[in-house]
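Position in the sequence shown counted from 1, then plus 2, gives you the working numbering.
What the hints contain is simulated information worked out from the structure, not anything from laboratory work. Cβ coordinates follow ideal geometry from the N, Cα and C atoms, glycine included.
With a Cα cut of at most 35 angstroms, we get these calculated DSBU-like pairs of lysine-lysine: (1) K139 - K265; (2) K63 - K613; (3) K538 - K45; (4) K385 - K312.
The calculated label-pair distances, taken between Cβ atoms and stated as ranges, are: (5) S361 - A828: 28 to 38 angstroms; (6) N311 - G33: 29 to 39 angstroms; (7) D300 - K841: 52 to 62 angstroms; (8) N441 - P725: 23 to 33 angstroms; (9) N441 - D147: 50 to 60 angstroms.
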Amino acid sequence: MKNSAFFILTFILISCTTDPSLKTLTSTEDGYTYEHVMGDPMKTRIYTLNNGLKVYMSQYKNEPRIQIDIAVKAGGKNDPASHTGLAHYLEHIMFKGTDVFGSLNFKEEAPKLDSIEAMFNYYSTITDSLERVNYYKLIDQFSNDAAKLAIPNEYNKMIAEIGGQGTNAYTTEDRTVYITDVPANELSKFLKIQGARFNKIVPRLFHTELEAVYEEKNRSLDNDYWKVSDALKSELFKNHPYGTQSVIGTIDHLKKPSITEIKKYFATYYRPNNIAICMSGDLEFTPTIKMIEDYFGDWTPNNDLSKWNKILEEPITAPIEKEIWGPEAEFLQIGYRFNGLNSEDYLKTRLIDMILSNSEVGLIDLNLTQKQEVLSAGSYISKYNDYCLHILRGTAKQNQSLQEVKELLLEQVNLLKNGAFDDWLIQAIVNNLKTQYLNGLESNRFRTTEMTLAFTNDIPWGDHIQQIERLEKTSKDELIAFAQENYKENYVVVYKKNGEDVNKTQVSKPEITKLNIERENSSDFHKELLSMDVPKLQPVFINFKDDIERSNVQNVEILSKVNSENDLFQLIYLLDIGKNTNPKLGMAMSYLEYLGSEKYTSEEIKKELFKLGCSFYVSVGEERSYVVIYGLNKNMESATKIIEELLATAQPDHEALELLVDRIQQARADDKKDKSTILWGGLRYYAQYGANNPFSNVLDNYELEQLDPSELIQIIQKITSYPHKILYYGPKTSKEVSAFVAKNHPVPSAFEPIPENKIYEELAIDTGKVYWIDYDMVQTEVVFLSKGAHYDPINIPTATLFNEYIDGSSSVIFEEIREAQGLAYAVFSTYQTPSKVNKSHYLFTYIGTQADKQSVAIDAITNLINNIPASEEAFLTAKSAVLSKLESERITKSAVIWSYLDAQDKGIDYDIRKNIYEKIRTMTLSDLMDFHEKYIKNNNFTTVLIGSKDKIDFQKLAKYGEIKQLSLTELFGYGENAPVELK
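Let the hints inform the model, and build the full structure from the sequences given.
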């Protein structure tokens, strides 16, 4: 790949792109050849090493960090039919280390791991259940012996030490992608780690990680949306692995894991000619590609890698209907099957999808959502390489069947087929997509995701980046013809019903012995990495006086920041009133969505804003509310006039209010069936405040039915008569914003006084208490709350470091609960900083575990919280992680304004990060343990959990306090005249 020339040579290649301004070029700079596309807004370079490794790079110097996605062109569809879940399990194994890190002595460890591999192969042949149990005990014994040579979590420790953030991975049907965001100065260390990581896998600590995968599977079995998706795909794909296989693996295959097959998968697909490194951020092209060549250049390609051949499906000639049962709220999905992402089908279905539902003026939006014909409805595209699915979704309002919702959705499809949509809509959709793309370009993650999709879908970069331009050339007649040809009786509909799933299963828990975690060990590779000399970044903190422009117009304070990057704006009216001020405020703003003004109907308002490339919404929180207008800056005045006129002259609509109340009551019934809302809404707030709390502070159903439209209109029209601030981020200067506000934002001569907020007192936690809700589920989900002191900026540095120590990517919680014992897939603990100066810190600890592991898991995590291991190695890792992140973090753009407001809420007038950085630099392990001793150890805590009554061990749970079962009515704060709640 490398040439001797040190000048830039550019020549035009023949390109398959249709836009002549987006020609693919090949250039050479400093001896490295790359492809690029004229007119590419990301200015992406695509290099190819001699071994076939693709490297996509885009410069975006918003902060000295680089987002890196390493994309493998293989996923669940590449699993052998006899061993589903391999791609996903391999993703987990990739975090376990290699022959050069993750092991104290790989030469000694290797034969032990080979024995375990052979044992798992034999284990998969055993059919007798008792024999399997006994043999697994032998596997557990051998695994514990081998684990003595392992250095658990060393990969995550190294990434944390160099300041890596967002470290994760995901597996889909078509791809497996490894994600990290690293400081630019640490790039060489990161690439050194990855070069070793992708060259060889070592499946150590296999049986405890298998437990984590079991838990991930059990979480999917508790998710009704996941079950509906699986059911839909199983009917749409009778031949293709998209429908015949499961990415996470079937229960039967998970019970018979094969290390040998995982190794074969790695040897086949994890090869440079099947992988791309996608990068965006503060990078320099030539030094970066040189480093990549140094660390990846000797990686051996798979020259025998076969091209995936699409598996064809038979046409669907008649509607297929299926029912799925579960405890969550009822809904339905309708799926149509089309060709994949690299096809004209996808482009046309993307437009059709936006014509049906774009959250503003689609046929579904206006005819069903805006007119409140259903509780909710919309559409989206499930994107795969070989096929795409266009999915319509809907939920029913009171006294409406799912079949009725289905017919309403299909009516919108028929309207589209008949051309019953505005002629201007296609161009308006394209304009809005361009705006979204502009906004996306401000994110490195957006850029690398675009690269990943292009590579893993085999789409030339020039074709990928001009998709929106190709949409723009699609005529209405073309779209109608395509819809008439492809949207027929060829769909699958899945009805999600509320009730017991009689087919519910779970992965059983094998007995495993806890691994002994030794935190002080490091591999030679790790030590060598630490010794590498890299340039040090200096942190940059905000100066609130200089970094925000301030002005005042008619007693309205304006905080503004210039957007020098694009032509987008945000204009926000910020009011210190919320639902704690007036419980009817949220209802009034929900009502506003369905109202017109003196000049426009509600439908006309949505259409006018959409044409302008602008949007607006109102957000009502507990103590603060926002009116938000955003979009293309050139149309800011026109959009603002529409919204100002709506706020001033909103017209009452009795029917709209009746329908809204009806839908809210149904939504409330549905919320009572949502386990996340029950746990993190109802139970959490009940534990913090008692029965009378901010979550339950809502109008009850009787009060809803008594609402007077005129009263809500008065609330709407008075919204800006209270003192408020205006926040602006966009191309205008502070002087221009002031002139704009003076012209377009009328304010009263004197503001009305802000009504007092209702104050909710936090409960003292003097003794342990346990609150629980019965819910039909495989897992049990538990949250522990321990109350700390009120906000004090002096403690924030230590709390920040403590959180990294206990819950960072290399934390002791992760190591002990998941790595050492395999008790959970999801577990975390965080000492949460309050949003206001007069509120308390809380330690929140969460674990979601299989019900038969509940007692062991709860004991393990509570013991860990009270007796945090004191590890100098873990402390130094956490300290390095926090400092590196602060050195590379840059708060810019509108985030500067939000940081200022956050500081004000906490009673400070400076960037707290400066204090955090300076104090942590001199902090010791004893400081951290003193903090734990003073604020956390042996504190009383309240335990809340949600799970199936017959699977909860109440006898063992009793030692954590008095147990009380709560009703959903106690948690949610509204009466029983809502539709029937979960039983």
